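Work out the full structure: start from the sequences and follow the hints.
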Amino acid sequence: MDFELREITKSFGAKQVLKGLNLRAQSGKALGLLGRNGAGKTTTIRIAMGVFPPDGGSVRIDGEPIRRDKINIGYLPEEHGLYPKKIISEQLVYLGELRGMNAKRAKAAARKWLDRLGMGEFFGRRLDTLSKGNQQKIQLAAALITDPDFIILDEPFSGLDPVNAMVLKDVIRELIGGGKLVLFSSHQMNYVEEFCDSIAILNGGEIVLSGNIREIKRSYDRSRLVAVSDEPERIAAYCRENLGDLVETAEAKKGEALVKMRSAEYRNRLVASLAGQDFRFDGIRVWEPSLNDIFVEYTEETI
Amino acid sequence: MKQLGTIFRFEFKNYAKSKSFLILTVLLVVIIGVVLDLPRIQQFIGSRSKPAPAEMETVAVVDKTGSGRIAASLSAAIRDKKFEAADADIGALKRCVEAEKYASAVYVESPLRYTYVVKNIGLYDDTKEEVGNVLLSVYRAQALQQYGVPAADAQKLLTAQVKADVVQTAQGKDQAKNFFYTYVMIFALYMAILIYGQLVATSVATEKSTRAMELLITSTKPANLMFGKVLGAGTAGLAQLALILGSGYVFYNLNRAYFADNSVVRSIFGMPLSILLYALMFFLLGYFIYAFLYGALGSLVSRMEELSQAVMPVTFLFILAFFIVMFSMGSGSVDNAAMVVCSYIPLTSPMAMFVRIAMGNVSAWEIAVSTAILAASTIGIGLLAASVYRMGVLLYGKAPKPGEIFAMLRNR
Numbered sequence: 001m002d003f004e005l006r007e008i009t010k011s012f013g014a015k016q017v018l019k020g021l022n023l024r025a026q027s028g029k030a031l032g033l034l035g036r037n038g039a040g041k042t043t044t045i046r047i048a049m050g051v052f053p054p055d056g057g058s059v060r061i062d063g064e065p066i067r068r069d070k071i072n073i074g075y076l077p078e079e080h081g082l083y084p085k086k087i088i089s090e091q092l093v094y095l096g097e098l099r100g101m102n103a104k105r106a107k108a109a110a111r112k113w114l115d116r117l118g119m120g121e122f123f124g125r126r127l128d129t130l131s132k133g134n135q136q137k138i139q140l141a142a143a144l145i146t147d148p149d150f151i152i153l154d155e156p157f158s159g160l161d162p163v164n165a166m167v168l169k170d171v172i173r174e175l176i177g178g179g180k181l182v183l184f185s186s187h188q189m190n191y192v193e194e195f196c197d198s199i200a201i202l203n204g205g206e207i208v209l210s211g212n213i214r215e216i217k218r219s220y221d222r223s224r225l226v227a228v229s230d231e232p233e234r235i236a237a238y239c240r241e242n243l244g245d246l247v248e249t250a251e252a253k254k255g256e257a258l259v260k261m262r263s264a265e266y267r268n269r270l271v272a273s274l275a276g277q278d279f280r281f282d283g284i285r286v287w288e289p290s291l292n293d294i295f296v297e298y299t300e301e302t303i
Numbered sequence: 001m002k003q004l005g006t007i008f009r010f011e012f013k014n015y016a017k018s019k020s021f022l023i024l025t026v027l028l029v030v031i032i033g034v035v036l037d038l039p040r041i042q043q044f045i046g047s048r049s050k051p052a053p054a055e056m057e058t059v060a061v062v063d064k065t066g067s068g069r070i071a072a073s074l075s076a077a078i079r080d081k082k083f084e085a086a087d088a089d090i091g092a093l094k095r096c097v098e099a100e101k102y103a104s105a106v107y108v109e110s111p112l113r114y115t116y117v118v119k120n121i122g123l124y125d126d127t128k129e130e131v132g133n134v135l136l137s138v139y140r141a142q143a144l145q146q147y148g149v150p151a152a153d154a155q156k157l158l159t160a161q162v163k164a165d166v167v168q169t170a171q172g173k174d175q176a177k178n179f180f181y182t183y184v185m186i187f188a189l190y191m192a193i194l195i196y197g198q199l200v201a202t203s204v205a206t207e208k209s210t211r212a213m214e215l216l217i218t219s220t221k222p223a224n225l226m227f228g229k230v231l232g233a234g235t236a237g238l239a240q241l242a243l244i245l246g247s248g249y250v251f252y253n254l255n256r257a258y259f260a261d262n263s264v265v266r267s268i269f270g271m272p273l274s275i276l277l278y279a280l281m282f283f284l285l286g287y288f289i290y291a292f293l294y295g296a297l298g299s300l301v302s303r304m305e306e307l308s309q310a311v312m313p314v315t316f317l318f319i320l321a322f323f324i325v326m327f328s329m330g331s332g333s334v335d336n337a338a339m340v341v342c343s344y345i346p347l348t349s350p351m352a353m354f355v356r357i358a359m360g361n362v363s364a365w366e367i368a369v370s371t372a373i374l375a376a377s378t379i380g381i382g383l384l385a386a387s388v389y390r391m392g393v394l395l396y397g398k399a400p401k402p403g404e405i406f407a408m409l410r411n412r
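Chains as they are written, first to last, in my numbering: chain A, 1 to 303; chain B, 1 to 412.
Quick list of the computed label-pair ranges, beta carbon to beta carbon:
(1) A:Gly-20 <-> B:Glu-404: 21 to 29 Å
(2) B:Leu-4 <-> A:Glu-193: 42 to 50 Å
(3) B:Leu-27 <-> A:Gly-124: 26 to 34 Å
(4) B:Tyr-124 <-> A:Gly-124: 50 to 58 Å
(5) A:Ser-58 <-> B:Ser-387: 21 to 29 Å
(6) B:Leu-27 <-> A:Ser-58: 53 to 61 Å
(7) A:Ser-58 <-> B:Ala-337: 56 to 64 Å
(8) B:Glu-404 <-> A:Glu-193: 39 to 47 Å
(9) A:Ser-219 <-> B:Leu-384: 52 to 60 Å
It should be emphasised that the hints constitute simulated quantities derived from the structure, not laboratory data.
This one's a predicted model, so the numbers in the text were calculated from it and none came from an experiment.
Where is the CB? At the ideal position from N, CA and C, for every residue including glycine.
Okay, structure coming up:
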């Protein structure tokens with residue numbers, strides 16, 4: 001499945017929230033939709049789900065305008081979207097029925113997902129008797145109950161402890177591996193890097209950066225090397241004093257020596273020179289920006 | 001349509017299974033049962049412990065007319081009190097009553113003047129009127145005898161009664177007879193519309209404040225959510241009314257013999273089927289029009305604390321309609337100008353037109369016009385409410401003002 005938002009515009013009153021947004025995602029992959037608060041992520045998600053129509057542009061599946069009755073979308077909202085005082089199984093069955101399942105199938109699916117998430121014992125319990133993390137898992141079950149082809153996860157790891165996060169990670173990996181299309185929105189960049197092949201950074205109603213994460217990172221300056229070691233000061237000093245023809249600057253910080261070369265082409269010569277010394281290395285790699293660095297770079301100047 | 005059915009079932013179960021619904025229903029059924037069984041219970045208790053004559057109230061009678069017949073006449077005419085001749089002045093009588101030697105005292109100065117001495121005047125104390133009637137009869141009998149009318153003839157004259165037959169025309173209404181069932185139905189209509197209309201608003205606001213709405217609007221159309229909720233609450237309300245009124249009917253029939261002389265109870269349960277059907281129709285239309293408004297207003301608030309302020313104008317309007325109707329009923333003029341106007345305004349006609357049908361003179365075409373206006377307005381407000389709801393459920397922050405709502409609706 002090839003999902004596409006093409007030239008989407010949307011305004012609320014005088015405020016234009018989306019200004020010709022383009023976005024593309026494919027089955028079997030996760031796309032990270034990133035943006036600061038108020039950037040237009042929720043509006044984008046709501047248009048993708050058909051909650052309201054765009055003012056301009058189109059939403060397409062495999063190149064054709066989307067037909068809501070033909071696509072099964074699962075949604076995990078950022079803010080809890082269930083009834084706190086109601087029985088969990090009743091809520092899940094209700095949501096399943098609303099999305100076209102019969103009560104029996106919805107009940108079986110609810111049971112299956114609660115068991116899968118290690119929540120089987122809470123089937124007949126009220127939602128507000130559960131911890132925040134467990135409520136988040138119930139929320140995921142609600143999103144997945146109809147076995148959707150297209151899954152939108154908005155801050156799915158919010159409030160989860162490391163053990164519960166692990167369970168959720170396994171499920172998300174299974175979904176992607178099972179050929180689902182996952183749209184992943186989060187401010188936790190480590191999770192985005194872990195699951196997403198590509199990202200789209202939304203800022204001021206426009207996509208300011210999109211593409212494969214690997215390729216985006218490789219597009220940055222590659223003339224810096226990071227030497228991981230327990231003696232970074234010694235390595236940096238050696239570079240400054242003895243390799244002036246290759247190295248522009250060298251500095252040590254937190255178990256790493258960061259060396260800026262005069263050219264990226266000197267990489268092999270620099271590695272060979274360092275390898276010939278008796279430094280204790282844990283590794284040497286080309287420096288790449290983190291996703292967090294990229295996000296800040298593309299979003300900090302606006303809003 | 002299938003989704004609407006799913007939402008309707010979910011909402012109906014929510015209302016019908018809620019503790020407040022169950023407690024209120026059971027409580028009202030029990031209260032109605034106890035009230036309608038009261039005469040049977042009283043008779044049962046009464047048969048086991050009949051009050052002895054000694055336990056009857058004793059009323060002291062000081063007769064200064066010189067006839068010497070007043071105490072005997074009072075005893076003969078008023079059977080539930082014991083009248084005892086006494087000789088004392090008013091001051092002494094006051095002290096005796098204060099000391100509870102007598103329940104009360106009657107100081108008769110002349111045939112047409114007496115003083116009633118009592119400590120507490122009960123809500124239903126009719127001793128003063130009863131004594132007055134007896135004294136008047138004694139005075140008239142004595143006067144007739146003085147004019148030479150034989151005692152037997154005088155008695156006949158004084159106890160003569162006029163026989164009257166009432167023939168009502170086909171379109172006429174007996175307001176005295178219809179008042180009580182109309183009152184009960186208006187009160188039921190008022191309570192049901194207000195309670196269930198506000199439940200709809202609360203339910204919508206809860207879904208929005210808990211963000212359950214975020215998931216619901218991705219699963220179905222907002223209009224389905226609102227109509228399903230309104231139908232669910234309305235059906236629960238109707239079921240509750242049916243249970244309460246139905247239990248009343250059953251309890252009344254079980255105790256019908258005890259209410260042979262009670263015109264109020266007989267009026268309430270003697271309501272014609274046509275009036276019941278009109279009540280049902282006005283309940284449905286009235287409920288829907290208010291529930292749509294409440295639903296739309298509920299969708300505009302982000303927090304539960306803002307809800308009461310948001311729904312206040314509609315609630316105020318409804319209460320105003322209720323008071324106009326109640327005052328008109330109380331004054332006996334249900335076809336006054338205010339009622340006629342109110343019976344064509346959609347938000348007031350469910351109560352006003354129902355009362356005019358039950359107690360006033362209203363022609364078939366007037367009912368048809370009022371119902372048509374109400375039905376068309378209900379559909380119109382339903383569609384408008386669905387638009388407001390669709391826009392409101394996704395709107396967080398400060399509740400918009402009416403002008404802003406219309407602007408948003410226009411820009412849609």
